[in-house]
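Chains as they are written, first to last, in our numbering: chain Z, 1 to 208; chain D, 1 to 208.
Be careful, since some hints might not be right.
Claimed, not checked - In silico DSSO-like cross-links for lysine-lysine, where the CA-CA straight-line distance does not exceed 27 Å:
#: 1; chain 1: D; residue 1: Lys109; chain 2: Z; residue 2: Lys205
#: 2; chain 1: Z; residue 1: Lys109; chain 2: D; residue 2: Lys90
#: 3; chain 1: Z; residue 1: Lys32; chain 2: Z; residue 2: Lys205
#: 4; chain 1: D; residue 1: Lys94; chain 2: Z; residue 2: Lys85
What the hints assert, rightly or not - Examples of chain Z residues toward chain D, derived with CB under 10 Å:
#: 5; residue: Val6
#: 6; residue: Ser15
#: 7; residue: Ala106
#: 8; residue: Ala108
#: 9; residue: Arg115
#: 10; residue: Gly135
#: 11; residue: Val166
#: 12; residue: Glu170
#: 13; residue: Glu173
#: 14; residue: Ile174
#: 15; residue: Ser177
#: 16; residue: Gly179
#: 17; residue: Gly187
Quick caveat, the hints were computed from the structure, so don't treat them as lab data. None of the values given here were measured: they were computed from a predicted structure. C-beta atoms are modelled at their ideal positions from N, C-alpha and C, and glycine is treated no differently.
Protein chains: 2
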Amino acid sequence: MNLENVLPGDIEKRSMEIIQEELGEIILDETKASIIKRVIHTSADFDYVRTLHFSPDAIDKALAALKNGATIITDTNMAKAGVNKIGLAKLGAKVECFMLDADVAATAKEKGCTRAAVCMEKACEVEGPVIIAVGNAPTALVRLNELIAEGKIKPELVIGVPVGFVNVVESKEIIMSSGVPYIVARGRKGGSNVAAAICNALIYKLAR
Amino acid sequence: MNLENVLPGDIEKRSMEIIQEELGEIILDETKASIIKRVIHTSADFDYVRTLHFSPDAIDKALAALKNGATIITDTNMAKAGVNKIGLAKLGAKVECFMLDADVAATAKEKGCTRAAVCMEKACEVEGPVIIAVGNAPTALVRLNELIAEGKIKPELVIGVPVGFVNVVESKEIIMSSGVPYIVARGRKGGSNVAAAICNALIYKLAR
Numbered sequence: 001m002n003l004e005n006v007l008p009g010d011i012e013k014r015s016m017e018i019i020q021e022e023l024g025e026i027i028l029d030e031t032k033a034s035i036i037k038r039v040i041h042t043s044a045d046f047d048y049v050r051t052l053h054f055s056p057d058a059i060d061k062a063l064a065a066l067k068n069g070a071t072i073i074t075d076t077n078m079a080k081a082g083v084n085k086i087g088l089a090k091l092g093a094k095v096e097c098f099m100l101d102a103d104v105a106a107t108a109k110e111k112g113c114t115r116a117a118v119c120m121e122k123a124c125e126v127e128g129p130v131i132i133a134v135g136n137a138p139t140a141l142v143r144l145n146e147l148i149a150e151g152k153i154k155p156e157l158v159i160g161v162p163v164g165f166v167n168v169v170e171s172k173e174i175i176m177s178s179g180v181p182y183i184v185a186r187g188r189k190g191g192s193n194v195a196a197a198i199c200n201a202l203i204y205k206l207a208r
Numbered sequence: 001m002n003l004e005n006v007l008p009g010d011i012e013k014r015s016m017e018i019i020q021e022e023l024g025e026i027i028l029d030e031t032k033a034s035i036i037k038r039v040i041h042t043s044a045d046f047d048y049v050r051t052l053h054f055s056p057d058a059i060d061k062a063l064a065a066l067k068n069g070a071t072i073i074t075d076t077n078m079a080k081a082g083v084n085k086i087g088l089a090k091l092g093a094k095v096e097c098f099m100l101d102a103d104v105a106a107t108a109k110e111k112g113c114t115r116a117a118v119c120m121e122k123a124c125e126v127e128g129p130v131i132i133a134v135g136n137a138p139t140a141l142v143r144l145n146e147l148i149a150e151g152k153i154k155p156e157l158v159i160g161v162p163v164g165f166v167n168v169v170e171s172k173e174i175i176m177s178s179g180v181p182y183i184v185a186r187g188r189k190g191g192s193n194v195a196a197a198i199c200n201a202l203i204y205k206l207a208r
């Protein structure tokens, strides 16, 4: 078995070169390219070239928010674990996940809804600009859309990339029509890794 | 947009039903089915039906190890975050990741190798049965194969599902011929989410 001889610090660069080669004749929008390629890098799945959709203001709004000390709120601790803390610290931004909070579990049980939906309610209390990154629970996006409509939260960006089979496709279409800036992976695919990769691609545009 | 009305506690069950429906005429091996379906559930990617490969002893060895208080060692904190802690606690098993340890970073810099490779060296010092779950770094699998050949570690199971473009395919083939029990996603695809899903599918066979 022949291994390609690549120094540790060059593995990502070499990966990105391979991705670029395999994109062939596809020309990506310049501002979106680093985000789309990082998602392919994290998934080895070129479907995202087709499925990632950006509202026109998404990247500008997200970068402005990160520069203003935004809080990224994820719907899983996996996604939180995957967001680059060094980059966040350089920007004075942070990442939070409320999924394991005792009050979230209690409220979810009481209301008969998912903990992820309750996390979106808790996100309304966060001060300063917020970026919502949903990589798992479509119920989070559905509840978030209601909270946006009620004027209770106005995220600078919604990263809508839950994965799965029940209401996942629909939840993404719903959030795309909510009027807030979004980056969405249409269809069933996505995940905590994809959510974290999009956060990191945005962070790396400012701090790396 | 019509949402399917599914209670929070039934979302996973409904997802598994949809996956089973969409498998159509494919009949999965009974002992492997829950693992393969959980990986599809976490990725929405049916490619894993083809790409997941199991050594004949993999599941039996893994379940015995988990019952004997195994330590699962992951190559990312994302994978660690995704492993079900309640299930692990019921079994008296645990999960560790050494990627952020200061000594790992120092050794990697000194040796000019990846931190993930050094984590495998550190895994040799863990007492009791170990399950190695690699969802990110092919360099971890390559180093692990060397350590196995040198008799420095004998994992009860290697979950080999790194994702990416540089030496990923090759590292999986290498670990499949190392002589230890394995569950591998052949090809480029995998990830921390897939690694965690396989760990959880194994845990849920014993404790849920």
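These are the hints, each one checked on the structure:
Pair hint D:Lys109 plus Z:Lys205 holds up; C-alpha atoms about 26 Å apart against a cutoff of 27 Å. About 23 Å separates the Cα atoms of Z:Lys109 and D:Lys90, which keeps this hinted pair within 27 Å; it holds. Annotation: proposed proximity of Z:Lys32 to Z:Lys205 holds, straight-line Cα distance about 11 Å (limit 27 Å). Straight-line distance between C-alpha atoms of D:Lys94 and Z:Lys85 comes to about 25 Å, which keeps the hinted pair within the 27 Å bound.
Checking Z:Val6 against chain D by beta carbon gives a least distance of about 5 Å; that is within 10 Å, so the hint holds. Interface restraint check: Z:Ser15 against chain D, minimum CB-CB distance 4 Å, threshold 10 Å, status holds. Among the interface hints, the one on Z:Ala106 is violated; its C-beta lies about 14 Å from the nearest C-beta in chain D, farther than the 10 Å criterion. With a least beta-carbon distance of about 7 Å to chain D, the hint placing Z:Ala108 at the interface is held under the 10 Å criterion.
The beta carbon of Z:Arg115 comes within 8 Å of a beta carbon in chain D, closer than 10 Å, and the hint placing it at the interface holds. Given the 10 Å rule on beta carbons, the hint for Z:Gly135 holds: about 9 Å separates it from the nearest Cβ of chain D. At a threshold of 10 Å, the smallest CB-CB gap from Z:Val166 to chain D is about 5 Å, leaving the interface hint in force. At about 5 Å, the closest approach between the beta carbon of Z:Glu170 and any beta carbon in chain D falls short of 10 Å, and the interface hint on this residue holds.
Interface hint at Z:Glu173: satisfied, since its Cβ lies 6 Å from the closest Cβ of chain D, which is below the 10 Å cut-off. Taking 10 Å as the C-beta cut-off, the interface hint given for Z:Ile174 holds, the closest approach to chain D being about 5 Å. Look at Z:Ser177: its Cβ gets to within about 8 Å of chain D, closer than 10 Å, so that hint holds up. About 15 Å separates the beta-carbon of Z:Gly179 from the nearest beta-carbon of chain D, more than 10 Å, and the hint is not met.
Interface restraint check for Z:Gly187: the shortest CB-CB distance to chain D comes to about 8 Å, inside 10 Å, so the restraint holds.
Consistency with the previously given hints fails for numbers 7 and 16, ordered from lowest to highest.
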